[in-house]
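If you want the building blocks of each chain, they are given just below.
6 protein chains.
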Amino acid sequence: MNDAYAVYPGSFDPVTYGHLDLIKRALSIFDGVTVAIAKNIGKKPLFTLSERLGMMQQATRSMKRVKVEPFDGLVVDYVRRKKAKVVIRGLRMISDFEYEFQMALTNRKLDRRVETIFLMPSENYAYLSSRLIKEAAALGARVSDFVPPFVERRLKEKLRRK
Amino acid sequence: MNDAYAVYPGSFDPVTYGHLDLIKRALSIFDGVTVAIAKNIGKKPLFTLSERLGMMQQATRSMKRVKVEPFDGLVVDYVRRKKAKVVIRGLRMISDFEYEFQMALTNRKLDRRVETIFLMPSENYAYLSSRLIKEAAALGARVSDFVPPFVERRLKEKLRRK
Amino acid sequence: MNDAYAVYPGSFDPVTYGHLDLIKRALSIFDGVTVAIAKNIGKKPLFTLSERLGMMQQATRSMKRVKVEPFDGLVVDYVRRKKAKVVIRGLRMISDFEYEFQMALTNRKLDRRVETIFLMPSENYAYLSSRLIKEAAALGARVSDFVPPFVERRLKEKLRRK
Amino acid sequence: MNDAYAVYPGSFDPVTYGHLDLIKRALSIFDGVTVAIAKNIGKKPLFTLSERLGMMQQATRSMKRVKVEPFDGLVVDYVRRKKAKVVIRGLRMISDFEYEFQMALTNRKLDRRVETIFLMPSENYAYLSSRLIKEAAALGARVSDFVPPFVERRLKEKLRRK
Amino acid sequence: MNDAYAVYPGSFDPVTYGHLDLIKRALSIFDGVTVAIAKNIGKKPLFTLSERLGMMQQATRSMKRVKVEPFDGLVVDYVRRKKAKVVIRGLRMISDFEYEFQMALTNRKLDRRVETIFLMPSENYAYLSSRLIKEAAALGARVSDFVPPFVERRLKEKLRRK
Amino acid sequence: MNDAYAVYPGSFDPVTYGHLDLIKRALSIFDGVTVAIAKNIGKKPLFTLSERLGMMQQATRSMKRVKVEPFDGLVVDYVRRKKAKVVIRGLRMISDFEYEFQMALTNRKLDRRVETIFLMPSENYAYLSSRLIKEAAALGARVSDFVPPFVERRLKEKLRRK
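Protein chains in written order, with this note's numbering: chain A, 624 to 785; chain B, 624 to 785; chain C, 624 to 785; chain D, 624 to 785; chain E, 624 to 785; chain F, 624 to 785.
Hints in this document: simulated from the structure, not taken from any laboratory.
Worth double-checking, as some hints may not be accurate.
Only some residues are given here: those of chain C computed to face chain E with a beta carbon under 8 Å [what the hints assert, rightly or not]: (1) R648; (2) S673; (3) L742.
Keep in mind the model is a prediction, meaning the values are calculated, not measured.
The beta-carbon is built from N, C-alpha and C at its ideal position, and this holds for glycine as well.
Go ahead and model the full structure; you've got the sequences and the hints to work with.
Below, the structure written as structure tokens:
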């Protein structure tokens with residue numbers, strides 16, 4: 624039953640505890656979740672597509688029913704090719720809501736059969752953003768409360784080399 | 624598989640095209656939807672519980688896989704008794720978001736196993752609210768764009784008698 | 624040319640400097656402004672309809688091209704009867720925006736020919752609300768920064784008698 | 624040095640872990656905090672003034688430098704009488720922000736010498752509201768995650784008797 | 624009567640059905656509308672000024688009382704030179720509101736005689752943004768629901784050449 | 624007593640009347656305020672660090688108990704080195720709130736001992752932003768309502784040379 628699979632698209636640059644919390648919540652509802660990592664994102668990513676894929680795979684290793692894949696082009700086209708119908712997005716704060724609402728309505732116009740559903744992350748991660756974590760790490764902060772240990776190491780290596 | 628059933632709680636005083644749009648979207652994702660109509664709501668409802676149940680049943684008559692039931696007490700207790708795990712809510716606008724966010728987090732604290740997911744109604748119903756419809760109808764407005772014809776008639780009868 | 628007249632509906636319980644600022648702005652755009660004072664408003668008003676009319680008339684006495692009238696029923700019906708096309712509303716803050724947006728879209732559905740436009744009050748009045756002023760006056764505050772002197776006197780008399 | 628004392632006004636109907644979290648944060652900044660419990664609040668409170676005072680006193684018993692007092696009338700007048708200058712408010716969510724912003728600006732107009740500052744509660748309490756807790760308790764929910772044990776007991780007794 | 628003319632400034636990169644909907648609404652209120660296309664915009668536009676002018680002219684060809692012009696420098700200076708007094712802006716969503724509010728207040732400080740009014744686009748275009756349309760088109764989406772056919776063709780040509 | 628000192632961090636590119644209003648408010652609460660000017664900010668600043676320091680020093684010359692310093696790295700580390708505990712931020716509008724909330728929660732995770740408090744600027748500066756002022760000045764606007772005269776001159780010189 625393909626309908627019971629959900630697609631969770633994003634740039635995941637890098638994966639945070641907030642993303643992982645959301646994937647677990649989605650797994651409690653759907654038979655499986657495909658994490659779809661965008662090849663091209665608006666701004667230049669810190670990590671390459673292959674690094675972002677690798678980190679997500681490592682972070683979700685212990686979760687059954689999770690697949691990690693790259694994608695290119697429109698989310699709705701990807702969802703259709705996967706014969707899925709549901710896109711999952713996290714809803715953290717108001718500014719999120721605005722952007723997400725606009726995206727979801729645009730996606731709906733592009734393909735009426737794809738439905739976007741919103742999940743709320745744990746309140747402990749309600750304020751997490753990959754951007755803030757990268758900024759904090761670049762300034763020397765310990766970010767072990769925000770990302771898995773191996774991601775923190777990767778962040779440090781990456782930012783040192785820059 | 625009970626997990627694939629979702630509960631859509633509310634006061635539905637009365638049912639609007641916005642509610643029906645949301646139920647259809649939920650049916651495209653879940654195996655079934657139980658519309659749970661709250662017996663007691665904060666403010667005094669215009670329609671009795673039995674009237675609200677009757678109107679929702681009539682409005683969803685043609686939809687398979689929809690059950691309409693009254694409920695009393697906590698939403699999370701009802702969901703657990705139904706052996707369901709998912710609560711559905713519509714997300715129309717910012718003010719919605721605030722209240723819904725607060726409710727969903729409170730429900731999560733009350734029962735960690737119940738997950739709330741948010742769906743977006745069609746942009747044509749993004750501004751609909753039962754309250755505004757009742758106000759408009761009370762002032763003599765035609766509300767046929769907002770509610771099914773039989774609900775419009777019931778609204779008129781009810782408001783005339785007041 | 625009736626189109627150049629605008630209707631400014633509200634409860635004005637009582638009129639504030641924020642309302643008067645908005646009327647002046649509207650007069651700089653339109654040939655005339657009709658202030659339409661709602662007979663019935665959701666919550667019980669502090670001042671009677673006739674008191675609210677009287678205070679608004681006194682406050683706008685020096686402004687040419689302003690008419691003050693009571694109205695009952697739907698705003699859009701009133702606007703149509705006046706052969707006007709434009710409804711004016713002030714936009715103070717976010718919460719305003721939500722409610723106003725919902726109202727304006729509902730009104731548009733009720734009559735497509737009526738257009739709502741939004742004006743911004745002076746930043747000095749961006750936070751004024753009749754409700755807060757009444758609450759403050761009831762607790763003994765001087766409200767001379769918020770309402771004309773004669774309105775402040777009327778507020779005091781009214782609240783003393785309660 | 625009176626200036627280093629801050630006033631934390633509210634209805635506290637009843638006190639929650641969110642309020643207590645805020646008081647602790649304020650104590651890390653100010654020499655002392657006076658919790659000022661409003662005698663009259665807009666809507667009828669569930670607990671009497673004396674019950675609300677008693678519960679707050681019990682909940683803050685172990686905190687030095689906290690005083691609990693009733694107040695009546697305008698917050699700014701109370702602050703002035705106390706020879707304090709700072710009002711503390713918690714900022715949980717957007718809707719809060721709107722209302723708080725409006726209140727703080729009105730208070731500033733009423734007395735320019737009183738400054739309102741905003742603190743952020745722990746993210747664990749970011750969604751707590753006395754209203755939601757009362758609603759949940761009335762429907763039979765355990766609210767031990769939200770309020771101290773003795774407050775939970777008082778809520779149950781109060782709601783049973785209703 | 625110059626006052627009855629309104630100026631609708633923007634980058635229009637490219638014109639969307641949302642913009643055209645707003646122009647029609649403005650025409651129902653004002654004697655004429657001048658669409659003022661900004662020469663320099665913050666980020667580099669996809670289309671040149673002359674292309675943006677050409678597309679807007681073609682899209683508004685059938686509308687009498689619409690003029691399309693380029694402008695450079697401050698909006699308020701342009702409005703004054705045109706002997707107009709009213710600036711029109713669309714208000715789609717919250718994030719809009721913030722930015723627009725800030726802009727309008729800044730413009731008011733720069734020239735007190737220029738008034739900004741806000742109109743609401745049709746709910747069918749409430750989520751449209753030139754940016755999202757360009758992103759979607761760049762990823763291969765059909766955007767015929769969002770822009771006139773000739774604009775869709777121009778978007779495809781432009782994005783192919785990039 | 625170091626605790627009574629507060630740190631006001633920012634890019635101040637350039638200092639505006641809004642910033643100065645906030646510093647004065649903070650001085651009414653705290654024994655002293657250290658304005659900490661960020662060396663590196665996300666986007667390239669218009670003014671160099673040394674220019675931003677100089678302008679802030681000149682603008683706060685008459686205020687006792689204000690220190691102006693550059694800082695690099697994490698705000699929380701700087702605050703700790705200064706043996707201070709309080710970070711001050713201005714809260715102008717909703718979009719501010721979102722970002723500020725996220726920042727403050729991230730900072731709290733990085734160092735639990737640092738508390739962020741929010742102050743409201745005067746309503747006359749509620750809409751001011753360094754970005755909008757730079758944009759307006761670049762287009763030839765007089766910005767004397769927004770910044771001190773010597774800053775206006777510096778803005779003109781800087782923008783002429785570009």
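Could you work out which of the previously given hints the structure breaks and list their numbers from low to high? 2
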